[in-house]
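If you count the sequence shown from 1, you need to add 162 to reach my numbering.
Each hint should be verified, as a subset may be incorrect.
What the hints assert, rightly or not - In silico lysine to aspartate or glutamate, EDC-like type, Cα no more than 16 Å apart, as pairs:
hint, residue 1, residue 2
1, Lys199, Glu397
2, Lys554, Asp525
3, Lys192, Glu282
4, Lys528, Asp548
5, Lys211, Asp264
6, Lys291, Glu397
7, Lys346, Glu377
8, Lys346, Glu369
9, Lys291, Glu376
Quick caveat, the hints were computed from the structure, so don't treat them as lab data.
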Amino acid sequence: MASVYTVSQVNAYIKNMFVQDYALSRISIKGEVSNCKYHTSGHIYFTLKDGKGTLSAVMFAGQRMGLSFRLEEGQQVVVTGSVDVYERDGKYQLYAREIKLDGKGDLFLRFEALRNQLEEMGMFSREYKQPIPQYARTVGVVTASTGAAIRDIINISSRRNPYVQLILYPALVQGETAKYSIVKGIRTLDAMGLDVIIVGRGGGSIEDLWAFNEEMVARAIFDCTTPIISAVGHETDVTIADYVADLRAPTPSAAAELAVFDYRQFRADLAGFQASFQASMDRKLQWKKSRLEQYRLRLQLKDPARQLNEKRQRLADLEEQMERAMERKVTDQKHRLALLAGRLQGLSPLEKISGGFGFLTDDSGKRIISTRQVKPGDELGIRIRDGKILTKVADVQKS
């Protein structure tokens, strides 16, 4: 019976053959870069290809000093390194130590030529971009029905807004006939009058994404009357569809977030606006009430009855003041009159007569105050306290 070997023994044997092959230990291989991925660890995984075959390759982070540019899809490069077997998987790959540019690959040249042509035609111009509706209710999706892209779009859309209706057109997104399927999907959903359409797929190599670099797909997107969000591949993947679309999303998940508004956040914002509006209305109402109270008080102060009562009170006060002033004036005058009366009483002839004196007058009643006013034989009158005495002048003696 022939010997039986384990898988690991066979893989080890094959690896040993590769190690002993001098040509494979230091080899330079020319090809086009495809399916290039930068890992978070710093390693670069890519595929080298030509018209007849492909070769997996990796450049570890420790070897990246031999890379003076950023490795991208479609680049024509010369990779120097060694071909070896990865025992765990039983696969051989190229372990790159140095990479040099050697022109551009055929697909990349086709991509650049079509991009430049469409750009010159104005299909990338900003004035042709349609705005994405902020509150979309119906969202069309042109992608594969079984891929990760549609699952991500469904999950994110249902989480953000369960009331948005998703309409899927299950299109082929890879292969020779994919471009026809994508164009038909765009035109079918555009005729339905939806709010927005997402066109895309998950990541892959430049060959996998090539359907989105076809001119007929670009023209279908440009002619679409419904706003289109492109979501092709990963963030670093760029296709012609991204340039023509109204908005580019880095991933299908991001496209769902851009197309579907967050209903919970919308409700929270609406509640916040409502609370703010209510608070503003309350402040306004309180201010109006305060102004109304001020006007009421001012009107109350201007009330005719109140004004009349106030005038009446003022008049009563003035009347009382006038009465007091008149009383003071009368009292002052009475006092003055009493003083004058006292003084007049003291000067009154009658007062003096009543004290024993007499008041002497001639026959005409004129007062006699000098001996020169009389002569012997004149009749005189003497007024005393209780009457009048008539007499004649017997003699006049001057002092």
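- Message: Checking each numbered hint in turn, tell me which of them this model violates, lowest number first.
- Response: 3, 4, 6, 8 and 9
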